[in-house]
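A.B. asks: Protein chains in written order, with this note's numbering: chain A, 954 to 1212; chain B, 954 to 1212; chain C, 954 to 1212; chain D, 954 to 1212.
FYI, nobody ran anything at the bench for these hints, they're computed from the structure.
Watch out, some of these pointers could steer you wrong.
Chain copies aren't distinguished; within one or between two, either way the pair holds.
30 Å max Cα-Cα, derived DSSO-like pairs, lysine-lysine [to be verified]:
{"id": "1", "residue 1": "K1206", "residue 2": "K1075"}
{"id": "2", "residue 1": "K959", "residue 2": "K1024"}
{"id": "3", "residue 1": "K959", "residue 2": "K1036"}
{"id": "4", "residue 1": "K1027", "residue 2": "K1071"}
{"id": "5", "residue 1": "K1206", "residue 2": "K1024"}
{"id": "6", "residue 1": "K1078", "residue 2": "K959"}
{"id": "7", "residue 1": "K1206", "residue 2": "K959"}
All of these numbers come straight from a predicted model, not from anything done at the bench.
4 protein chains.
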Amino acid sequence: MTRQIKIDEDLYIGGNEFIIIAGPCAVESEKQMDIIGREFYRLGIRIIRGGAFKPRTNPASFQGLGFEGLKILKSLRDSYGFKILSEILDPRDVERAYEYIDIYQIGSRNMQNYALLKEVGKQDKPILLKRGMNATYDEWINASEYISQEGNHNIILCERGIRTFNSYTRNTLDLMSVPVMKYKTEYPVIVDPSHGTGRRNLILPAAKAALAIGANGVLIEVHPEPEKALSDGYQSLSLEEFKKLLEEINAMKSALKIN
Amino acid sequence: MTRQIKIDEDLYIGGNEFIIIAGPCAVESEKQMDIIGREFYRLGIRIIRGGAFKPRTNPASFQGLGFEGLKILKSLRDSYGFKILSEILDPRDVERAYEYIDIYQIGSRNMQNYALLKEVGKQDKPILLKRGMNATYDEWINASEYISQEGNHNIILCERGIRTFNSYTRNTLDLMSVPVMKYKTEYPVIVDPSHGTGRRNLILPAAKAALAIGANGVLIEVHPEPEKALSDGYQSLSLEEFKKLLEEINAMKSALKIN
Amino acid sequence: MTRQIKIDEDLYIGGNEFIIIAGPCAVESEKQMDIIGREFYRLGIRIIRGGAFKPRTNPASFQGLGFEGLKILKSLRDSYGFKILSEILDPRDVERAYEYIDIYQIGSRNMQNYALLKEVGKQDKPILLKRGMNATYDEWINASEYISQEGNHNIILCERGIRTFNSYTRNTLDLMSVPVMKYKTEYPVIVDPSHGTGRRNLILPAAKAALAIGANGVLIEVHPEPEKALSDGYQSLSLEEFKKLLEEINAMKSALKIN
Amino acid sequence: MTRQIKIDEDLYIGGNEFIIIAGPCAVESEKQMDIIGREFYRLGIRIIRGGAFKPRTNPASFQGLGFEGLKILKSLRDSYGFKILSEILDPRDVERAYEYIDIYQIGSRNMQNYALLKEVGKQDKPILLKRGMNATYDEWINASEYISQEGNHNIILCERGIRTFNSYTRNTLDLMSVPVMKYKTEYPVIVDPSHGTGRRNLILPAAKAALAIGANGVLIEVHPEPEKALSDGYQSLSLEEFKKLLEEINAMKSALKIN
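Just chain A, same shape as in the assembly (with noise of 0.2 Å):
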């Protein structure tokens, strides 16, 4: 049975749910953040995903605004009561970023970083496990293990794509780790077609595939221009564009009566 993690009064993830998180790759601005917010209110999205600290390969690229970044998401929390999934990628600044995340974010960079796993495991927020470029699931669930031997099981499992061969896409999504995981472990396992794929045509179909396959929830980011993002544009959506996703999910969902 997979466990249900509890992000609000009435917002689990895991069981019979299949949650769409969605945001921008960076925090950029609070006019970035205001329009998205105002745009997911509508439509009725409860987890706001966008990165504060970037951990970005070169380290010439924009690297996030950091706490200044948490401060925005914060404020979006307060006007809309969003649930904020953020990454953290330097151990001393899990317990500062308390006040800001409602889940700590775990990037397939950090999967091995224990230091950081364990300081997470510290807290009593769910924690999202992105899964490793290169890590077998057993690896995978060896890190979560530092996590929960720290007390905290409050684990997501994010499945974001491989690295192989394969370099037409960005990575390549193993969706077979969804049953797989959920198999071996008793954590939900939700879905990151942007990374899992790098391509804004390929979400979708990627999308509709992890519904079917059985995992919790997707995470799809969205930015208001994707042209002018600060990364990662080529594989965010358009607001308009992830109007159209939600529509389609939400008709598969609807027609497979998965709530």
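Got chain A; can you put chains B, C and D on it based on the hints?
C.D. replies: This is chains B, C and D only, laid out in the frame that chain A set:
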């Protein structure tokens, strides 16, 4: 637009159809095929797969019944009207196999066996071209061009998983190839969850994901007694399991209004 | 003990020998081969490689001169006494090519082309069996068994790189296969740094490493005018560069007391 | 030109030097380290490696002695004058470990742990930066830039194998990274055959190939009793085996006129 490949008077692969092709990994005996044939006929299966020439990694493994196996398949066609999908390994066998086979299968190991591709390209029967274990999308397309340049455009692409570091599943099923190849080519794409996962309990979830992502069908290994199969029993469904899969897939097809 | 494969009266592959086999990727013309032949004769090269049947990914690429190419190679053998290494793609060509070829090459794409392996296994000439692009050591050994079970044990293994996520080099040259395969089999192992790296400036360092790790030789692509080569020019050495490589390798052989 | 990294008054990594760094995977006890220290002193080893903080895949595995382990290493430095190479996992430990460590090691799992990279970049001691298990050359360079942009240019790169489908060796040692990284950066490159192969009998051939291809040294795991080692014993040499390796490498160095 996906090309519709005519298989029989009223039977096509492509378009808004999702076809289920099934059968044993290897044709082993008349008796085995007779059990399958009778059951499949009742279940409405139209295309049977069955290997007569088996490309086994180890030369000491069962290599298939050869033309004797093709004759058994032909007798099923004569009795029940099935169409026959079977793999061919040697260009010298292509013409001789013509009378027994309705769809020539080119297996993963032979995706770049150009002598074989050219030979089947000269035939007027459809070709099912499996993706090579380490083939990029473009190499797969190039392989299809070795067939089509000989005049045969009735090509069905089959995703069967790629080889990655992940060894829990036999291969890593790359479901993104379905939308990508349908975008890049005019050919229908079907999915082989049996080889793609190598695990009986992952076949149904993989088939559902294939359906949701827009594949034109699946290729399923079925054996009356999987535990006694001469090859790949661990990834073959029993007839009972296959019936259950059919029911679930048919329910999903009907919910999603796919034929 | 590594088997010594007899190539000529006084020429073996295996044992404490490190042989340099060289030649163009593809035989393009009599003139090209004549330039190479004269120079190689002066340099003491004993075995020439040259492709007559080219397994090109794209069917629109130059496919080789076929038997015309083999005839050109034969005339070099007649003039200078070279032994000829050339690839064969189609089991139907094996016997007809017998008179032109001294060592049959099975290329990477055909490592699991069992019809072809069996056919060369019936011949009484040595076989150079390249490792498949995604072959494990055991699969490579299994492929050699398809040859040896037909009676031909004169097999030379050739490491040519495997496909990984690393795309800076054309393939990832797996030099560890040299000690592993010499431990697991009785066959000599040579290394192909040209395909293994796909970069002219990496060929010499790769060849040195091959020598140091115990390989029985290297296979080097050389072209009189690499920039005009009909295939793989970017990884071919000019005659000048090849002479420099020979000098460096010979100096290293003599320092390390290898023949 | 490869930068020469000063380690001691008369000891550099880089240039025409080939250095052998050795020691146990993990520091386990004073007694273990004392046996190694006395023997290494006799053998002329100048830099000892030894893990105090062990990044183990499984949280239930031995995690290292932590600062107790570093103290043991320091006492070896005090007694014999060794320089100490040891891995650090947590940015919060970097300053505190400063007095014990002469070369900070960043392990494969942490190649993209940017908080850690920045922290060691602020120190005035050399950094050994291991390649990530699935890192491209450019990502490895980018990681080095996270260090150098903080002011520390004393970086030693260490190839330790990449993850591929080949599971016979623990990783696939990519020796081509040596000439590539020396061409693309100014940093010395050393090779870790212990992690790169994961098999005791492949360490010597890998070390020879590393020497021949132009590496600036090797990192070898040695344990007084490999079969009792608390981690990675199967890839550790005994002191006897290590002496034999030293002899063979020294003979090869002298034949090739490398210091």
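A.B. asks: Hint by hint, say whether it matches the structure.
C.D. replies: Comparing the hints with the structure gives:
1. Neither within a single protomer nor between protomers do K1206 and K1075 lie at most 30 Å apart by alpha-carbon distance, with minima of 36 Å and 46 Å respectively.
2. Taking identical chains as interchangeable, the C-alpha atoms of K959 and K1024 lie at most 30 Å apart only when both belong to the same chain, with a minimum of 23 Å there against 45 Å between chains.
3. When the C-alpha separation of K959 and K1036 is checked against a cutoff of 30 Å, the pair qualifies only within one copy, where the shortest distance is 11 Å, while the shortest distance between copies is 51 Å.
4. With identical chains, the CA atoms of K1027 and K1071 are at most 30 Å apart both within one copy (25 Å) and between copies (27 Å).
5. When the C-alpha separation of K1206 and K1024 is checked against a cutoff of 30 Å, the pair qualifies neither within a copy, at 34 Å, nor between copies, at 46 Å.
6. In the homo-oligomer, the alpha carbons of K1078 and K959 lie at most 30 Å apart inside one protomer (9 Å), although the nearest pairing across protomers, at 46 Å, exceeds that limit.
7. Proximity of K1206 and K959 under a CA criterion of 30 Å is satisfied intra-copy only: 21 Å inside one chain copy versus 33 Å between copies.
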